[in-house]
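The residues making up each chain are set out below.
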Amino acid sequence: MNSKAANNVATGVIYLLVTAVVGILVFLLGYILVTGIPHVSMHFLTSAAQSFKAGGGIRDQLFNSLYLLVLTLIISFPIALGSGIYLSEYAPNNWFTSLIRTAIEVLSSLPSVVVGLFGYLVFVIKFNVGFSILAGAIALTFFNLPLLTRSIEESLEDVPDLQREAGLSLGLSRWKTITGIVFPAALPGILTGIILSAGRVFGEAAALIYTAGQSAPIVSYSNWNPFSPTSFLNPMRPAETLAVHIWKVNTEGVTPDALQISSGASAVLIVVILLFNLGARYLGNWMFKKMTAAK
Amino acid sequence: MQTYSFDQKHIINIPTEKALTTENLQVFYGDNHAMHDATLEFPRYRITALIGASGSGKSTYLRCLNRMNDAIATVKGKIIYRDTDINSKKINVYEVRKHISMVFQRPNPFAKSIRENITFALKRNGIKDKQELAYRVENSLKSAALWDEVKDDLDKSALALSGGQQQRLCIARCVAMKPDILLLDEPASALDPISTAKIEETLKELRKSYTIIIVTHNMQQASRIADYTAFFHMGHVLEYDKTEKIFTNPQIKATEDYISGNFG
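Protein chains in written order, with the UniProt record's numbering: chain A, 1 to 295; chain B, 1 to 264.
These are computed hints drawn from the structure, not numbers from a lab.
Please note that the accuracy of each hint is not assured.
Output of the computed footprint for chain A on chain B, the stretches with three or more beta carbons under 8 Å from beta carbons of chain A [as the list claims (entries may be wrong)]:
1. 4-12
2. 108-117
3. 121-127
4. 173-183
Some residues of chain A that are not near chain B, with every Cβ distance over 10 Å (derived) [what the hints assert, rightly or not]:
5. Gly12
6. Ile14
7. Val40
8. Phe44
9. Leu66
10. Gly82
11. Leu168
12. Pro235
13. Lys290
With the Cβ distance kept under 10 Å, some of the chain B side facing chain A (calculated, not the full set) [what the hints assert, rightly or not]:
14. Asn66
15. Met68
16. Lys98
17. Ile100
18. Ser101
19. Val103
20. Phe104
21. Gln105
22. Ser157
23. Ile225
For every residue, glycine included, the Cβ atom is placed at its ideal position computed from N, Cα and C.
I would like the entire structure built from these sequences, with the hints used as guidance.
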């Protein structure tokens, strides 16, 4: 076989593999959206779930998912930012640093059920936090931390060393160089990383079953006092998220329209995650353009 | 490659006012002895060129002068600036770099607007007065011969400028800090001839109020702009004299071979 033919074969095989990947994705998305979207309506999105009757919605679950996501990011972003900056800017190349990196890898590959049970035993039982958004957010932080730390570290490392040298050569301290020059230049990448990790957190179910719980108590969306047990902002209340709701309705749902609800909720979940992904790309590009071209 | 003796040297002392002096400066990258014994005096308000082949240690040497090698190398010997050894552990390196500023081989403007590129370091060093900032922006851009090209676009991103403009912005950024000494590490090597000529003009102007030390691969450039020239070879300074003497009547065989192109 001459090299031209070999090249054609190789290209063909690669195209085939790519088509397989894209095909699976398209089939999956298509199936979920086609079966789910017809059940999504304004009523579905804005009414509470029903335990026994048909016609329940996902209002509380959708809100819980978003609220949990925000809390998780509030907890995990500062920690990830600190460790990302340390790993990228300060950490020397030695056994200790590689130990940290390995630890982060391990943390990111922990099975979510294990993390969920750990959160259940430690926070829910031992610290007596109870099934709550807070316990869920802490469990999700375990997933989010490695992803965020890595993406922040990589975004910072993508900033050329010349930028650091420029800052230093102007008499700026290392910290000022990092906060004033390196961090802003890495911001598009960091934002993309946050949004992508948000997608992962949004879809997580197993870790939340044992921490945030499987019930969505009735909350009032007009009660803005986060310490009131009926407030939608209270982080100490149990909160069933969208992903957990799908799992629960599918396994033990007794409503006559369980199938429709789980299809509809799945479609909503997928759409939100797609929005996150597209938003990440758009925002990253937009910020990069804003920085590199005319304002 | 021909071998030259490191014992034969021709290094003059500067009779006029000195801006910076190094004594027995040595640099080690781990076990690699990259710079042996560099003893040089730099005259104030003059341009001094450092020439030599790749790997001769001229860039390494230059980066020592404002302590940019601190993180990657061990630097021994003395760097005397205003009667103080600034190579001492006790010295605040950030303060040193405000007096001895550096422009790099590749233009490295910040991913900010043209104006902010200049004002950023000023603001972080405590200059808040808007008029003063505006004055420094205009003045530094004028002294880098960039003002006329960018005065209407000060709030546009610096990354949209051409390579030559970016490099002049980097020079302006240094000048705005009002340093004493400007170090330039092959500032024109990534630029086209027209941009190079503009940079050279800029440097000639800047010489009136700054001491300039420039590393260059380009011998014509050294002969065009430098008052003094030092020739580096394999981590040694072999010859240091007035530029016209280096190029017309070198005292050391290695220098003569290098400038006439019979090297290596």
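Consistency of the hints with the structure:
1. 4-12: violated (count 0)
2. 108-117: holds (count 6)
3. 121-127: That given contact holds, which follows from 3 residues of the segment 121-127 of chain B lying within Cβ reach (below 8 Å) of chain A.
4. 173-183: holds (count 3)
5. Gly12: 41 Å, holds
6. Ile14: It holds; Ile14 of chain A is separated from chain B by about 35 Å at its closest Cβ, greater than 10 Å.
7. Val40: 42 Å, holds
8. Phe44: 45 Å, holds
9. Leu66: Given a closest Cβ separation of 32 Å, the condition holds.
10. Gly82: Answer for Gly82 of chain A: holds, closest chain B Cβ roughly 21 Å.
11. Leu168: Its Cβ does come within 10 Å of chain B, the nearest being 7 Å, so this is violated.
12. Pro235: Holds, because the least Cβ-Cβ distance between Pro235 of chain A and chain B comes to about 37 Å, which exceeds 10 Å.
13. Lys290: Given a closest Cβ separation of 8 Å, the condition is violated.
14. Asn66: 7 Å, holds
15. Met68: Holds. Min distance 6 Å.
16. Lys98: Holds. Min distance 4 Å.
17. Ile100: 9 Å, holds
18. Ser101: With a closest approach of 6 Å, the Ser101 of chain B hint holds.
19. Val103: Holds - the Cβ of Val103 of chain B comes within 10 Å of chain A, reaching about 8 Å at its closest.
20. Phe104: 6 Å, holds
21. Gln105: 9 Å, holds
22. Ser157: 6 Å, holds
23. Ile225: Constraint on Ile225 of chain B not satisfied, violated at 21 Å.
When held up to the earlier numbered hints, the structure conflicts with 1, 11, 13, 23 and fits the remainder.
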